[in-house]
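**Q** Position chain U against the provided structure of chain C, taking the given hints into account.
Residue numbers (my numbering), protein chains in the order written: chain C, 252 to 692; chain U, 252 to 692.
To be clear, the hints were calculated from the coordinates, so they are not data collected in a lab. Careful: at least some of the hints might be erroneous.
Here are the simulated DSS-like pairs of lysine-lysine, each with C-alpha atoms no more than 27 Å apart in a straight line [as the list claims (entries may be wrong)]:
no., chain 1, residue 1, chain 2, residue 2
1, U, 617, U, 595
2, C, 297, C, 339
3, U, 447, C, 528
4, C, 576, U, 359
5, U, 580, C, 447
6, C, 345, C, 580
7, U, 670, U, 366
8, C, 367, C, 298
9, C, 447, U, 576
10, C, 462, C, 501
11, C, 447, U, 273
12, U, 658, U, 339
13, U, 254, U, 273
14, U, 595, U, 528
15, U, 595, U, 630
16, C, 599, C, 576
17, U, 462, C, 580
18, U, 528, U, 580
Here are some of the chain U residues that sit facing chain C, going by a computed Cβ distance under 7 Å [unchecked claim]:
no., residue
19, 439
20, 448
21, 518
22, 522
Residues from chain U shown here face chain C by an in silico Cβ test under 8 Å; the list is partial [what the hints assert, rightly or not]:
no., residue
23, 335
24, 339
25, 431
26, 455
Here a beta-carbon is modelled for each residue, glycine too, at the ideal position from N, C-alpha and C.
There are 2 protein chains.
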Amino acid sequence: MKKILILGAGRSASSLIEYLLKVSATNNYEVTVADTILASAEQKTKKNPHARPILLDITDEAKTHAEIDRSDLVISMLPAFMHPTIAKQCVLLKKHLVTASYVSQEMKDLDEEAKKAGIILMNESGLDPGIDHASAMKIIDDIKSQGGKLTVFKSYTGGLIAPESDDNPWGYKFTWAPRNVILAGQGTAKYLENGKLAFIPYTKLFTRTEKIQVEGLGDFEGYANRDSLSYRSVYGIEDVQTILRGTLRKEGYCEAWNVFVQLGMTDDSYTIPNSEKLSNREFLELFLPSEGEDTQTRLLDYLAHDLNDEIMYKLEWLGLFNDTKLQLKNATPALFLQTLLEDKWKLKEGDIDMIVMQHQFEYELKGETHTLQSSLVVKGDDAIHTAMAKTVGLPVGIITKLILEGKIKLTGVQTPTVKEIYLPLLSELEGLGIRFEEKEN
Amino acid sequence: MKKILILGAGRSASSLIEYLLKVSATNNYEVTVADTILASAEQKTKKNPHARPILLDITDEAKTHAEIDRSDLVISMLPAFMHPTIAKQCVLLKKHLVTASYVSQEMKDLDEEAKKAGIILMNESGLDPGIDHASAMKIIDDIKSQGGKLTVFKSYTGGLIAPESDDNPWGYKFTWAPRNVILAGQGTAKYLENGKLAFIPYTKLFTRTEKIQVEGLGDFEGYANRDSLSYRSVYGIEDVQTILRGTLRKEGYCEAWNVFVQLGMTDDSYTIPNSEKLSNREFLELFLPSEGEDTQTRLLDYLAHDLNDEIMYKLEWLGLFNDTKLQLKNATPALFLQTLLEDKWKLKEGDIDMIVMQHQFEYELKGETHTLQSSLVVKGDDAIHTAMAKTVGLPVGIITKLILEGKIKLTGVQTPTVKEIYLPLLSELEGLGIRFEEKEN
Numbered sequence: 252m253k254k255i256l257i258l259g260a261g262r263s264a265s266s267l268i269e270y271l272l273k274v275s276a277t278n279n280y281e282v283t284v285a286d287t288i289l290a291s292a293e294q295k296t297k298k299n300p301h302a303r304p305i306l307l308d309i310t311d312e313a314k315t316h317a318e319i320d321r322s323d324l325v326i327s328m329l330p331a332f333m334h335p336t337i338a339k340q341c342v343l344l345k346k347h348l349v350t351a352s353y354v355s356q357e358m359k360d361l362d363e364e365a366k367k368a369g370i371i372l373m374n375e376s377g378l379d380p381g382i383d384h385a386s387a388m389k390i391i392d393d394i395k396s397q398g399g400k401l402t403v404f405k406s407y408t409g410g411l412i413a414p415e416s417d418d419n420p421w422g423y424k425f426t427w428a429p430r431n432v433i434l435a436g437q438g439t440a441k442y443l444e445n446g447k448l449a450f451i452p453y454t455k456l457f458t459r460t461e462k463i464q465v466e467g468l469g470d471f472e473g474y475a476n477r478d479s480l481s482y483r484s485v486y487g488i489e490d491v492q493t494i495l496r497g498t499l500r501k502e503g504y505c506e507a508w509n510v511f512v513q514l515g516m517t518d519d520s521y522t523i524p525n526s527e528k529l530s531n532r533e534f535l536e537l538f539l540p541s542e543g544e545d546t547q548t549r550l551l552d553y554l555a556h557d558l559n560d561e562i563m564y565k566l567e568w569l570g571l572f573n574d575t576k577l578q579l580k581n582a583t584p585a586l587f588l589q590t591l592l593e594d595k596w597k598l599k600e601g602d603i604d605m606i607v608m609q610h611q612f613e614y615e616l617k618g619e620t621h622t623l624q625s626s627l628v629v630k631g632d633d634a635i636h637t638a639m640a641k642t643v644g645l646p647v648g649i650i651t652k653l654i655l656e657g658k659i660k661l662t663g664v665q666t667p668t669v670k671e672i673y674l675p676l677l678s679e680l681e682g683l684g685i686r687f688e689e690k691e692n
Numbered sequence: 252m253k254k255i256l257i258l259g260a261g262r263s264a265s266s267l268i269e270y271l272l273k274v275s276a277t278n279n280y281e282v283t284v285a286d287t288i289l290a291s292a293e294q295k296t297k298k299n300p301h302a303r304p305i306l307l308d309i310t311d312e313a314k315t316h317a318e319i320d321r322s323d324l325v326i327s328m329l330p331a332f333m334h335p336t337i338a339k340q341c342v343l344l345k346k347h348l349v350t351a352s353y354v355s356q357e358m359k360d361l362d363e364e365a366k367k368a369g370i371i372l373m374n375e376s377g378l379d380p381g382i383d384h385a386s387a388m389k390i391i392d393d394i395k396s397q398g399g400k401l402t403v404f405k406s407y408t409g410g411l412i413a414p415e416s417d418d419n420p421w422g423y424k425f426t427w428a429p430r431n432v433i434l435a436g437q438g439t440a441k442y443l444e445n446g447k448l449a450f451i452p453y454t455k456l457f458t459r460t461e462k463i464q465v466e467g468l469g470d471f472e473g474y475a476n477r478d479s480l481s482y483r484s485v486y487g488i489e490d491v492q493t494i495l496r497g498t499l500r501k502e503g504y505c506e507a508w509n510v511f512v513q514l515g516m517t518d519d520s521y522t523i524p525n526s527e528k529l530s531n532r533e534f535l536e537l538f539l540p541s542e543g544e545d546t547q548t549r550l551l552d553y554l555a556h557d558l559n560d561e562i563m564y565k566l567e568w569l570g571l572f573n574d575t576k577l578q579l580k581n582a583t584p585a586l587f588l589q590t591l592l593e594d595k596w597k598l599k600e601g602d603i604d605m606i607v608m609q610h611q612f613e614y615e616l617k618g619e620t621h622t623l624q625s626s627l628v629v630k631g632d633d634a635i636h637t638a639m640a641k642t643v644g645l646p647v648g649i650i651t652k653l654i655l656e657g658k659i660k661l662t663g664v665q666t667p668t669v670k671e672i673y674l675p676l677l678s679e680l681e682g683l684g685i686r687f688e689e690k691e692n
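Isolated chain C (complex conformation) (with noise of 0.2 Å):
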């Protein structure tokens, strides 16, 4: 029998525990799932009777040291900061660890102990990163094997809301952590464009954006991640022209978006004096100059090249010029929009997510330039079994399995960029329904 141990039951452990209780019957796995809650973990478990439910505070060393002694494989679901330290004591214990999350630094270190210790210590298998890692160089891996050359990589990946439960103006709910929506993009974007270096800064990232289509979905819109430039080595395709990474939104998104950027609005660096007194209007009124006549013409004077009547339409429809008041104790102008936002985008009952990936190839080929499209769409079945838990989840349950049955012999700090992994995981989430739709032109 072999013993995993998953650390932190949240809302994306969900499909991760259901796969791995799945297979335990053929495989006889015992899966413990530790969490500081116990209900949580119980309830993720249902009585299953390969399921070993438990109480675990990892502050708790001496127990956390005994339950990682009894197990096999420990997968980490906790927040990434708290990965190196559960990494040191897997590789001193000699045992397999598994997460969702990147690589650090820390991580990285541990690298040569983790080899002498006959373990991997398998990072970034989840959504983004992980399946992008695995579907991208399995194409760049084909067009390599063929004597092709890449030129061009794009890829785009966005956490969304489904069509069928799609009824607001931004066509944007809260499917994942509002806070990194919130911040998403500060810093400045970095790319390479026809083998010239670009730099966007976070004032004109959501103006810079490309337009994105997927079929039988229709429109949306793509803004550059902070950092496209370091993939070039993590992929292996350092002459590559042009290379962008990017987030996805529904069309019309960013444009909006942009208004709260301009404005001043996602600052997460200071706190608003007397917070819990303003009005969504007058927290609007922060930020505008003085002069004018209501909050509304204001706003249009302030910012006339950046807004339009559908932009208008949208902050309206957030209640952004209404009186209602938050009563948000020390906010920070980001944290009082996070908390208008999630009273306006929450899911409601029988909403379903949706996580959208696109990969854009061109290379060269034998004289000829072709171009690929590789698309994955992937719907949440329910409120528990969402996309963003399935797509996250499921990766991480299969390259775990893997691991146990020895198709993944790799140790030390891996991720899934190498065929051992990417072949086996991609083939197994296809038998999912995760699986890209190419297009080649």
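**A** Only chain U this time, still in chain C's reference frame:
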């Protein structure tokens, strides 16, 4: 004989040293000028019999300790982050300290110990902070003592080029640390207007300027400094309805500078790969969308609403569209821009700098509304006795003398916001030609 130790004989110390040497004859001072470059200390003391130029590196703790120990008062013209280290030794050895820098939290924490030791830790004794506090507080206290109620306080300061040396389209040259000019305004400007909080994000800062007129010098524009709100408690004017501190530039400067902000050229958070290979034009193109014809057209298409002929002329004058190369390795955008500007905005032989400060007050007195404007204009004498060196160095020197003469008897952490300091300080500054002109309406 009183012994003064000056740490750091940089640019801003020349007028200070001359002032102290001049009063040494009657006051019987010994002025030790310590620098890491002995020649620099020697050059500034010109074999004056009251001067004692020495070589001193403050990382040499034993020697620094000995030098402080043999002095009655220490003046630190070192970078501000070094002051707490010096201050701690001054407390220990019971020596007075004078600096021209803002009171840091570390400095503030020494208040009680300094009082116990019977010494003064005198800070903010230069121009801004320094003369700004003294001159504003004098008027604020006057208004209060008459029974008036201050409603509006705005204060602007600029380190500028004198009109007779102003021969470029920007109306600006570097008369002080260029790096501070490049990074100026990053963050969020916070102020109060008609009783309401107002926030300006960096991206809008240089578009929301106020026109400022200074008699005989024409039109300037002021952009808001980061922190105006804290001056309510600093100046004891908690009930003021409008408070704004700002920086002065010649009219037209800010809308042109805004182009750099919009492009992302003032970003100091990352280095540009292969920056040494970039021409000025290629540097600009890093920040432009790739579509379009020549560089100028692309810029015009991109920032149409933020550009006009006058701004384009200013940019052209800087050589921004040229193919010359600065050959800077590992440059951030901000450093690249700074280096480009340093060449164009450098002082020529004979160029004279100028300090402009203007306070604007509005107050209620006996049922009537009064406005008062108090302006200071100081021009440099030459390349050594610059307006900046005089307005920073002279108040430091005067306050030093006042402490040694026992005319300032305060102990603990102090700034020139109190009568005991600002009255004799302003009075002596007037005699040296640093005089505010008041205009009442």
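**Q** Hinted pair, alpha-carbon criterion (27 Å max): residue 462 of chain C, residue 501 of chain C. Please report holds or violated.
**A** holds (10 Å)
**Q** Hey, residue 599 of chain C versus residue 576 of chain C, does the alpha-carbon distance stay inside 27 Å?
**A** Given that 27 Å is the threshold and the Cα spacing comes to 22 Å, the pair holds.
**Q** Verify the interface restraint on residue 339 of chain U: the C-beta must sit less than 8 Å from at least one C-beta of chain C.
**A** Violated - the Cβ of residue 339 of chain U stays beyond 8 Å from chain C, reaching only about 30 Å at its closest.
**Q** Regarding the hint that residue 455 of chain U lies at the interface with chain C, is the smallest CB-CB distance below 8 Å?
**A** holds (7 Å)
**Q** Is the hinted pair residue 528 of chain U and residue 580 of chain U satisfied, with a Cα-Cα distance of at most 27 Å?
**A** holds (8 Å)
**Q** Against chain C, is residue 439 of chain U within 7 Å by beta-carbon distance?
**A** holds (6 Å)
**Q** Would you mind confirming whether the straight-line C-alpha gap from residue 254 of chain U to residue 273 of chain U stays at or under 27 Å?
**A** It holds: about 15 Å lies between the C-alpha atoms, which stays within 27 Å.
**Q** Given residue 335 of chain U as an interface hint, is the shortest Cβ-Cβ distance to chain C below 8 Å?
**A** Not OK, violated: residue 335 of chain U not within 8 Å of chain C, min 25 Å.
**Q** Would the hint linking residue 658 of chain U and residue 339 of chain U be met if the CA-CA limit is 27 Å?
**A** holds (24 Å)
**Q** Given the hinted pair residue 595 of chain U and residue 528 of chain U, is their alpha-carbon gap at most 27 Å?
**A** holds (20 Å)
**Q** Sort out whether residue 359 of chain U lies within 27 Å of residue 576 of chain C, counting only the CA atoms.
**A** Violated, because 38 Å separates the two Cα atoms, which is more than 27 Å.
**Q** Has the given pair, residue 670 of chain U with residue 366 of chain U, been kept, meaning a C-alpha gap of at most 27 Å?
**A** holds (19 Å)
When each numbered hint is compared with the structure, violations occur for hints 1, 2, 4, 6, 8, 11, 17, 22, 23, 24, 25.
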